[in-house]
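*Asks:* Now for the letters of each chain:
2 protein chains.
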Amino acid sequence: MSKKEKNTSALNEKQGVEQPATLSKTAAEKLKNQRKKKQSVDELVNGIINGDKTALSRAITMIESTAQKHQQQAKALIKHCLPYANNAVRIGITGVPGVGKSTFIEQFGISLTQSGKKVAVLAVDPSSSVSKGSILGDKTRMESLVKDANAFIRPSSSGDSLGGVARKTREAIILCEAAGYTHIIIETVGVGQSETVVHSMTDFFLLLKLAGAGDELQGIKRGIIEMADAIVINKADGENVKAAKLAKTEFNRALHLYPPKTNGWTAKTLTCSALNNNGITEVSRMISDFISEMKKAGHFQKKRIEQHKFWLLQTVESRLKSDFYNNTTIKKELKFQLEKIEANETTPFEAADVLLEML
Amino acid sequence: MSKKEKNTSALNEKQGVEQPATLSKTAAEKLKNQRKKKQSVDELVNGIINGDKTALSRAITMIESTAQKHQQQAKALIKHCLPYANNAVRIGITGVPGVGKSTFIEQFGISLTQSGKKVAVLAVDPSSSVSKGSILGDKTRMESLVKDANAFIRPSSSGDSLGGVARKTREAIILCEAAGYTHIIIETVGVGQSETVVHSMTDFFLLLKLAGAGDELQGIKRGIIEMADAIVINKADGENVKAAKLAKTEFNRALHLYPPKTNGWTAKTLTCSALNNNGITEVSRMISDFISEMKKAGHFQKKRIEQHKFWLLQTVESRLKSDFYNNTTIKKELKFQLEKIEANETTPFEAADVLLEML
Chain A
1 MSKKEKNTSA LNEKQGVEQP ATLSKTAAEK LKNQRKKKQS VDELVNGIIN GDKTALSRAI
61 TMIESTAQKH QQQAKALIKH CLPYANNAVR IGITGVPGVG KSTFIEQFGI SLTQSGKKVA
121 VLAVDPSSSV SKGSILGDKT RMESLVKDAN AFIRPSSSGD SLGGVARKTR EAIILCEAAG
181 YTHIIIETVG VGQSETVVHS MTDFFLLLKL AGAGDELQGI KRGIIEMADA IVINKADGEN
241 VKAAKLAKTE FNRALHLYPP KTNGWTAKTL TCSALNNNGI TEVSRMISDF ISEMKKAGHF
301 QKKRIEQHKF WLLQTVESRL KSDFYNNTTI KKELKFQLEK IEANETTPFE AADVLLEML
Chain B
1 MSKKEKNTSA LNEKQGVEQP ATLSKTAAEK LKNQRKKKQS VDELVNGIIN GDKTALSRAI
61 TMIESTAQKH QQQAKALIKH CLPYANNAVR IGITGVPGVG KSTFIEQFGI SLTQSGKKVA
121 VLAVDPSSSV SKGSILGDKT RMESLVKDAN AFIRPSSSGD SLGGVARKTR EAIILCEAAG
181 YTHIIIETVG VGQSETVVHS MTDFFLLLKL AGAGDELQGI KRGIIEMADA IVINKADGEN
241 VKAAKLAKTE FNRALHLYPP KTNGWTAKTL TCSALNNNGI TEVSRMISDF ISEMKKAGHF
301 QKKRIEQHKF WLLQTVESRL KSDFYNNTTI KKELKFQLEK IEANETTPFE AADVLLEML
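One line per chain: the protein sequences are A and B, in this order. Read left to right, the first sequence gives residues 1 to 359 (UniProt numbering). Read left to right, the second sequence gives residues 1 to 359 (UniProt numbering).
Source of the hints: derived by calculation from the structure; they are not laboratory data. A quick note: this is a predicted structure, and the numbers were derived from the prediction, not measured. One should not assume that every hint holds.
If you want the footprint, here are the derived chain A segments under chain B, 3+ residues with CB under 8 Å [stated by the list, open to error]:
| no. | stretch |
| --- | --- |
| 1 | 44 to 52 |
| 2 | 235 to 246 |
| 3 | 253 to 259 |
| 4 | 317 to 324 |
| 5 | 336 to 347 |
From the three backbone atoms N, C-alpha and C, an ideal C-beta is built for every residue, glycine too.
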């Protein structure tokens, strides 16, 4: 209906010849666009649920996009995938560069797919926003896993804040789970806050270590040890076997100095050689033991609920920010205030007052 | 005036005997409270500007308070202190536990006060929010500096997010500068994100290291090295002297592999023994050289402006959050949505939608 016909006055005369609403050019265009949009999201959702890796990749790219249009579609995507999600085991893996994360994840992933599981590997990489480096960037480091039909590997998105990467990874988990992946591995490098982020979205947190010369505890952040559900000492091969065993003993002793976790689990220490595929099945077994134990005692579900509460707050906060910065009036005033700071005509505190009073 | 008299109807009869407005009990009470509040902020500002350490301490405590009333007063405090601030040199110092930060800061602080400067020492300690540990908590570790009339030491505030600690520290810098401190030292421990925070609020960023056995570069985060304006190898005494010199050479070589900084400064490496008070004046000299060089080339002011822009965004974002969470309607709905998550009746994404649509 045209705008004129919306007049509800009793004096309003009905038009003799009315153009059918469905033929209105703008309305038809709108409908067409809506259909197109709906189709594309629907198609992606269908693809994902049927385990189509290309659809999954495209959907994650959509989540990572900063374009307003894509963000709307991403929201719809998540909404449709949510009923199919939440059933996988989420495993966080951290360790400094050189510890052999790629080799470990490849062997661990293969051990899972060989026992009939489906594995997705994601990454949280805050360093990529600064140095533009990227973990998992070089898929050739996981040659066999990349070729595995039951594995999906996604390099980390770059050029964003840690908070942004966290949101995108949480949403990517949902999509991977909807695509039927039973195990989601989230890789991160040992640079402080990123471990906390990965810990906040996983069921099991694994710290990968090397046996070094001397004091095994030097250089490890207390916070990361406190978060770890297991410490696995990699490269326990050749001449390293003895040192790895010693490191295992030392870590074990150290772990017993920490207060017990509220879920009753004592962090385990294991050794392995990802290179020689030694000790990997033991890691798998430990994790599945952990999951069944936690599920039986109700801790698994409890932790998930705590994580969901945390996600709620994080989601609200990130949307508060993006709504603010996308507001056109604010955008204009922010530009003006930044210029005033540049000219030394205001302070950050005064400028913030002006901006917030505009809301 | 009483509420009754506010009736503006023409039929309203004026009371024969009117109590003078100034004698109204509630108005008098309000005025008294206002006077009290105003006095107390004014008193604090006066105290701070006159260099009164007790007033400065009380003001920082006010900044750290989460009570709505104190936050209002804190805002007024900052506003009044700002014209007296911005004139100090701000130095960030980081290093892992055991590197000798306290001893170094004590000797460095004393070297500054002995040359007529005034030194304030603050701390950014994100670990305190988790483990309730605290750097600078034990003032006895800086016995001489504590007794120094021209030094002010403030332990880190605990029980807050890194973002909250950052805001409080930025505001504490303003207050210390208004109190006439010429050098503000911000201490932090090497746990990732906190360095970035300290780097974002200082003019000079110093990484304190130890000479270890073996590879000097192991275990150091690339990001922190990139941020450092100088690496100082501490404990270069006794049998350690040789190892320290070797470490200095290795760091120097490594630093030259990094791309040059935009301000033209090449990060320096020095050795010192804080314990024996060796090499400390060299550190002071290097920093004052840096400052004059940067001021001459205009980089100093440019960096401050960039930092102020960053502070503006940080201030806006933290206020957006606190305004949201302090809104009583939101508070109630948030509680409800969290209960729904607990009962598995909603997802974090849906709950966030509900909350944000209420704004």
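*Asks:* All the hints need checking, so say for each whether the structure fits it.
*Replies:* Against the structure, the hints come out as follows:
no. : hint       : result
1   : 44 to 52   : violated (count 0)
2   : 235 to 246 : violated (count 0)
3   : 253 to 259 : violated (count 0)
4   : 317 to 324 : holds (count 6)
5   : 336 to 347 : holds (count 6)
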